[in-house]
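On the provided structure of chain X, position chains Y and F as indicated by the hints.
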Amino acid sequence: MAEIHWQRKDLLGIAELSREEIELILDTAESFSEVAERPIKKVPTLRGKTVINLFFEPSTRTRSSFEIAEKRLSSDSLNFSASASALTKGESLIDTAMNLQAMSPDLVVIRHAYPGSPHMLARRLEAGVINAGDGAHEHPTQALLDAFTIRRHKGGLSGLKVAIIGDIEHSRVVRSNIHLLTKMGSEVTVAGPRTMMPVGLDKLGANVVFSLEEALDGADVVMMLRVQLERQARTLLPSVREYFHLFGLTRERLKAAKEDAIVMHPGPMNRGTEITSDVADGSRSVILEQVANGVAVRMAVLYLLSGVHEETA
Amino acid sequence: MAEIHWQRKDLLGIAELSREEIELILDTAESFSEVAERPIKKVPTLRGKTVINLFFEPSTRTRSSFEIAEKRLSSDSLNFSASASALTKGESLIDTAMNLQAMSPDLVVIRHAYPGSPHMLARRLEAGVINAGDGAHEHPTQALLDAFTIRRHKGGLSGLKVAIIGDIEHSRVVRSNIHLLTKMGSEVTVAGPRTMMPVGLDKLGANVVFSLEEALDGADVVMMLRVQLERQARTLLPSVREYFHLFGLTRERLKAAKEDAIVMHPGPMNRGTEITSDVADGSRSVILEQVANGVAVRMAVLYLLSGVHEETA
Amino acid sequence: MAEIHWQRKDLLGIAELSREEIELILDTAESFSEVAERPIKKVPTLRGKTVINLFFEPSTRTRSSFEIAEKRLSSDSLNFSASASALTKGESLIDTAMNLQAMSPDLVVIRHAYPGSPHMLARRLEAGVINAGDGAHEHPTQALLDAFTIRRHKGGLSGLKVAIIGDIEHSRVVRSNIHLLTKMGSEVTVAGPRTMMPVGLDKLGANVVFSLEEALDGADVVMMLRVQLERQARTLLPSVREYFHLFGLTRERLKAAKEDAIVMHPGPMNRGTEITSDVADGSRSVILEQVANGVAVRMAVLYLLSGVHEETA
Numbered sequence: 001m002a003e004i005h006w007q008r009k010d011l012l013g014i015a016e017l018s019r020e021e022i023e024l025i026l027d028t029a030e031s032f033s034e035v036a037e038r039p040i041k042k043v044p045t046l047r048g049k050t051v052i053n054l055f056f057e058p059s060t061r062t063r064s065s066f067e068i069a070e071k072r073l074s075s076d077s078l079n080f081s082a083s084a085s086a087l088t089k090g091e092s093l094i095d096t097a098m099n100l101q102a103m104s105p106d107l108v109v110i111r112h113a114y115p116g117s118p119h120m121l122a123r124r125l126e127a128g129v130i131n132a133g134d135g136a137h138e139h140p141t142q143a144l145l146d147a148f149t150i151r152r153h154k155g156g157l158s159g160l161k162v163a164i165i166g167d168i169e170h171s172r173v174v175r176s177n178i179h180l181l182t183k184m185g186s187e188v189t190v191a192g193p194r195t196m197m198p199v200g201l202d203k204l205g206a207n208v209v210f211s212l213e214e215a216l217d218g219a220d221v222v223m224m225l226r227v228q229l230e231r232q233a234r235t236l237l238p239s240v241r242e243y244f245h246l247f248g249l250t251r252e253r254l255k256a257a258k259e260d261a262i263v264m265h266p267g268p269m270n271r272g273t274e275i276t277s278d279v280a281d282g283s284r285s286v287i288l289e290q291v292a293n294g295v296a297v298r299m300a301v302l303y304l305l306s307g308v309h310e311e312t313a
Numbered sequence: 001m002a003e004i005h006w007q008r009k010d011l012l013g014i015a016e017l018s019r020e021e022i023e024l025i026l027d028t029a030e031s032f033s034e035v036a037e038r039p040i041k042k043v044p045t046l047r048g049k050t051v052i053n054l055f056f057e058p059s060t061r062t063r064s065s066f067e068i069a070e071k072r073l074s075s076d077s078l079n080f081s082a083s084a085s086a087l088t089k090g091e092s093l094i095d096t097a098m099n100l101q102a103m104s105p106d107l108v109v110i111r112h113a114y115p116g117s118p119h120m121l122a123r124r125l126e127a128g129v130i131n132a133g134d135g136a137h138e139h140p141t142q143a144l145l146d147a148f149t150i151r152r153h154k155g156g157l158s159g160l161k162v163a164i165i166g167d168i169e170h171s172r173v174v175r176s177n178i179h180l181l182t183k184m185g186s187e188v189t190v191a192g193p194r195t196m197m198p199v200g201l202d203k204l205g206a207n208v209v210f211s212l213e214e215a216l217d218g219a220d221v222v223m224m225l226r227v228q229l230e231r232q233a234r235t236l237l238p239s240v241r242e243y244f245h246l247f248g249l250t251r252e253r254l255k256a257a258k259e260d261a262i263v264m265h266p267g268p269m270n271r272g273t274e275i276t277s278d279v280a281d282g283s284r285s286v287i288l289e290q291v292a293n294g295v296a297v298r299m300a301v302l303y304l305l306s307g308v309h310e311e312t313a
Numbered sequence: 001m002a003e004i005h006w007q008r009k010d011l012l013g014i015a016e017l018s019r020e021e022i023e024l025i026l027d028t029a030e031s032f033s034e035v036a037e038r039p040i041k042k043v044p045t046l047r048g049k050t051v052i053n054l055f056f057e058p059s060t061r062t063r064s065s066f067e068i069a070e071k072r073l074s075s076d077s078l079n080f081s082a083s084a085s086a087l088t089k090g091e092s093l094i095d096t097a098m099n100l101q102a103m104s105p106d107l108v109v110i111r112h113a114y115p116g117s118p119h120m121l122a123r124r125l126e127a128g129v130i131n132a133g134d135g136a137h138e139h140p141t142q143a144l145l146d147a148f149t150i151r152r153h154k155g156g157l158s159g160l161k162v163a164i165i166g167d168i169e170h171s172r173v174v175r176s177n178i179h180l181l182t183k184m185g186s187e188v189t190v191a192g193p194r195t196m197m198p199v200g201l202d203k204l205g206a207n208v209v210f211s212l213e214e215a216l217d218g219a220d221v222v223m224m225l226r227v228q229l230e231r232q233a234r235t236l237l238p239s240v241r242e243y244f245h246l247f248g249l250t251r252e253r254l255k256a257a258k259e260d261a262i263v264m265h266p267g268p269m270n271r272g273t274e275i276t277s278d279v280a281d282g283s284r285s286v287i288l289e290q291v292a293n294g295v296a297v298r299m300a301v302l303y304l305l306s307g308v309h310e311e312t313a
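Residue numbers (my numbering), protein chains in the order written: chain X, 1 to 313; chain Y, 1 to 313; chain F, 1 to 313.
These are calculated hints, taken from the structure and not from any lab test. Incorrect hints may have been included.
To be verified - Negatives, chain Y to chain X, calculated, CB over 10 Å:
id	residue
1	Arg8
2	Gly135
3	His153
4	Lys154
As the list claims (entries may be wrong) - Calculated cross-link-like contacts (lysine to aspartate or glutamate; reagent style EDC-like; alpha-carbon spacing at most 20 Å):
id	chain 1	residue 1	chain 2	residue 2
5	Y	Lys154	Y	Glu242
6	X	Lys161	X	Glu259
7	Y	Lys9	X	Glu37
8	X	Lys161	X	Glu126
9	X	Lys9	F	Glu37
10	F	Lys9	Y	Glu20
11	F	Lys203	F	Glu169
12	Y	Lys154	Y	Asp27
13	F	Lys42	F	Glu23
No residue lacks a Cβ here, since even glycine has one placed at the ideal position from N, Cα and C.
Extracted from the complex, chain X is given alone in its bound form:
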C-alpha cells in the first residue's frame, strides 16, 4: 500500500473528518474489498490485536459486519452485549469501559443509544474507539460504505444529486451521510413527512423538501430510509398505508430520477412500506452491494485505527 497519513486514534463521526481522510478510508477499503473474493478470505494484518465489540443496542448487520471484518483481518474479537453485562448490576458505562481498557484491547467498537457515548469513551480509553451508531447522532461507517458504493457506480462523489427519503429526524444514517456527501461535493436533498423533519438541516448543507417527487427529480442516487414501524407508526405517521402512498418508492416513481440512478437502503427494509419489492430487488438496486462493501470499509477503518501501518513503516 502507498504511504498513509492517518492521525486519528478514533472514528467518532463524519463531521470531523477532512476530505482527504474520507478519501483515504475509501481507497484503503478498495484494496481490502477483493479479500472477500479469495478462496482464503483472510489476511494476517491485525494478528494479535484485540477488538472488543460493545453493543448496547441489538444489531445483526452492523455487528456481524464488524465481526466478519475483524476475523478476516485475523484479530481476536470479543462480543459484549448489554444484557450480559455488568451494566445490569448498575455499573456505569465509564467503569465498564475502564475495566475493558485494563485488559489492553487495541480497538473498541461501540453502539449505544446515547449520542456522544463513543466520544466519552474515546477520551478515557487508550484504545481506538469506533462509533457503530450513537442514538440519532452519527453512524460513520454506514456513511462511508454508502459513499464507497456510490463512488464505485458513479466514479466519484462530486457533482452528484443525492435524494434521501424517510424519517430524517431520527436517523443517524442521514446525519452522517449529509456530512460526508456535502463535504465531497454532492448535492443532498432530503424529503419526508413534516413530523419527521428536524429544524436546521439547511445549516448542514442539505436541501429540504416535503414531497418524494421533488426529491427524486434528476437524482443520481436515491437513498431510502427505514420507517421505524415499531416506534413511530403510532405517533408520527398517519398510517403505514398513507406513508407508502406519500413516500414509498415504486418503479413508477423512480422514473423521476435519472435513468441510471442507483437505489440504496441501509436495511433492514420494510418491503411495501418505504420501498416495493420490485425496486428493492430490481436492476438499479445496490442494496446488497452496500452490505458487501460494509465489510471492506470496516476492514479499512479497523486497519487505519490499529496503527499497524505505522508499526510496519
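For chains Y and F alone, coordinates are given in the frame of chain X:
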C-alpha cells in the same frame, strides 16, 4: 484422502442422498475422528473460510458441536441467534439470508422451526447450506452421526434390526434416521403411543408397532427419543408415569433385544421418563459416543460442502 | 521457563493449594503479564486446545478476562450461558457436562450458583476444570489476581496487614482471599455489619472486627467488597446511606491505614456506597491493575492446567 466425488452444494436432508453419498460422508468422518485425540486438535483445512451459524431455535449440543467442528477445521465462525437478530425488527428470513450472503460466507448452518426453511435458503444463497434441524422435518447430521456410531459398533448398516421408540410424530431425528437406515439396508421398527404416531410411515419403509416389547424383539440397535415433557406431556400423554410404564427403557426390558444390542439417544435425556439411568449409563449405552462422533461427522460435512477438496485437487 | 512441578488437573479452590503451588501460579503469571504490552498480543502456547466457558450466572468481567486470556494463548474457546443451554430443557448439570466432555475439550471454566458444582464436574470430566466462582464458596482466580497485585506493590505477601471490608458472609472473594493470604503469611482482618458476618471465620485464621476504623488501623492493603444492593439492601442493611456512613471508604478514613496502603476492589463498584470516587480513582487505588493482572493470572492457570509444559518437556 482418496479421490472424492461430492457434487452437492447443500446438505438439506437424508431423503435426497444416495447410498454412495452417505458412505462418503461416513468415510470422511472416519478420517476426521482422530483429530479429537490429538494434542493439537486442529487442522488447517478450512482456514480463511467463513461459516455462519444461524440458530432460530435454542440449542446447546447441536450448535456447540458445529462450532467445535468449525474451529477444529480452522474456519472463522459467526453465531447468530434469533433474539439478537434483525428478525425482531420484522425482517424476513430471506432478507436476513441475502444480507448474510452479501458478506460472502462459504457455509451457512441453519436451525429453524419451519420445515423447508433450509431449502428456501439454499435456493437463494451461493453459500452451502447445512440443515441443523427444520421443525419436525429433517435433521440430517444427527442421522449421519447415528449411522456413524452404529457402523463403528456393528461393522455396517445392512441387515440390522433398529428399533426407534418414543414420540415418532414430532421427531425430525426419526424421519432422517428412517430415510438413512432403510436406504442402507437396515430394518427399522418404530414404536410409541398412538397419539404420537403419524400415518404413512410404512411408505417410508418402517414397521410400525405400538408396544415397546415388540419393537425391541431381536433388535441390534435401540434408539430412544426424548419425550418433550414441556409441550406434550399435558396433551398427548396420559402421564409421565404411564409413559414410563409403557415405553420407558429399563435394564429388564432391554433383555428382549439382542445380547449385544447398543442403546442410543439423541439427547438431552429425561432420565426416568424414557430411559432409566442404569441403562443410559450402562455398558451397552453409546450415547456419549454419539456426541463425540457428532463433531467428526460435522467436520466431514463442512469439509465436503466447502469445496476445498476441489480447490486442492 | 524454568522447570515446572504442577500436578493438579483442576483449580477448584485456594483451600487445597500449597504455598508452592500458589507461588508457581504467581511466578508463571509474571512471565505472561508482558504479553499484553506487546504489539502482537498472542502466544501460540495453547494452539489447538479447546476451552469451554460454562457460565450459569451472568458475568462480564470474569468471563471476558478468561476469554481474552484464552485467545491470547491461541486456544479455541466456546461460550455457553445458562439461558441458551439445554438446562432450560431440564437436563442436569452432569449430563450437560458429560456431553461437553464427549466433544473432547481440554479445559472447562465454570461459574455456577451452587457451591461445589465445579468439584462435581471435576470428578466426572477428563478435562481440567477451573472454578470461576461457585456461589459464596470460592473464586480462586480472583484471589490469585489479588495476590499478584499485592505482591507487585509490596514485594511479597508475608507479614502484611490486609483489611477486607463489606459483606463478608456472601462473598466467595473473601473466602478465597482469606485462604490464600493466611497461607502466605499475611494477617487478615475482616470488618462488616453483624448481619453480614458469618460465624467461624476465626477458624479460617482471620480477625473479625465490626468497625471500619479498627480494620483499617495500620493496614498495608485495603480490600473493599461490593454491596449487593439488588439483594441485600432491603433485608440486611438498614439503608445504603447508613452503610456508607459505617463502612464506606473515604479519603479521610483511609488515613487510618499505612501511608503507602493500596486500595483494592473486585468490581463492579458501587461508587458512593462502599467507596467514594476520589478513593476509587485516587493514587492509592490499584483497582484497574487488578483487572489487567486478572488476564495474566488466568493465562497462567490455563497454561498450567493444560499440561502443555509436560508435552513439550
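Comparing the hints with the structure gives:
Residue placement check: Arg8 (chain Y) keeps its beta carbon more than 10 Å from all beta carbons of chain X (closest about 19 Å). The beta carbon of Gly135 (chain Y) sits about 22 Å from the closest Cβ of chain X, which is more than 10 Å, so the claim that it is off the interface holds. Every CB of chain X is more than 10 Å from the CB of His153 (chain Y) (nearest about 38 Å), matching its label as outside the interface. For Lys154 (chain Y), the condition that its CB be more than 10 Å from all CB atoms of chain X holds, with the nearest at approximately 39 Å.
Between Lys154 (chain Y) and Glu242 (chain Y) the CA atoms are separated by roughly 33 Å; this puts the pair beyond 20 Å, and the hint is violated. Using a Cα cut-off of 20 Å, the hinted pair Lys161 (chain X) and Glu259 (chain X) holds, with the two alpha carbons roughly 13 Å apart. Between Lys9 (chain Y) and Glu37 (chain X) the CA atoms are separated by roughly 18 Å; this keeps the pair inside 20 Å, and the hint holds. Simply put, Lys161 (chain X) and Glu126 (chain X) have alpha-carbon atoms about 40 Å apart, too far for the 20 Å limit, and the pair is violated.
Restraint check for Lys9 (chain X) and Glu37 (chain F): satisfied, since their Cα atoms lie roughly 18 Å apart, inside the 20 Å limit. Annotation: proposed proximity of Lys9 (chain F) to Glu20 (chain Y) is violated, straight-line Cα distance about 44 Å (limit 20 Å). As the CA atoms of Lys203 (chain F) and Glu169 (chain F) are separated by approximately 14 Å, the hinted pair is consistent with the 20 Å bound. Simply put, Lys154 (chain Y) and Asp27 (chain Y) have alpha-carbon atoms about 15 Å apart, close enough for the 20 Å limit, and the pair holds.
At most 20 Å may separate the alpha-carbon atoms for a hinted pair to count; Lys42 (chain F) and Glu23 (chain F) exceed this at roughly 24 Å.
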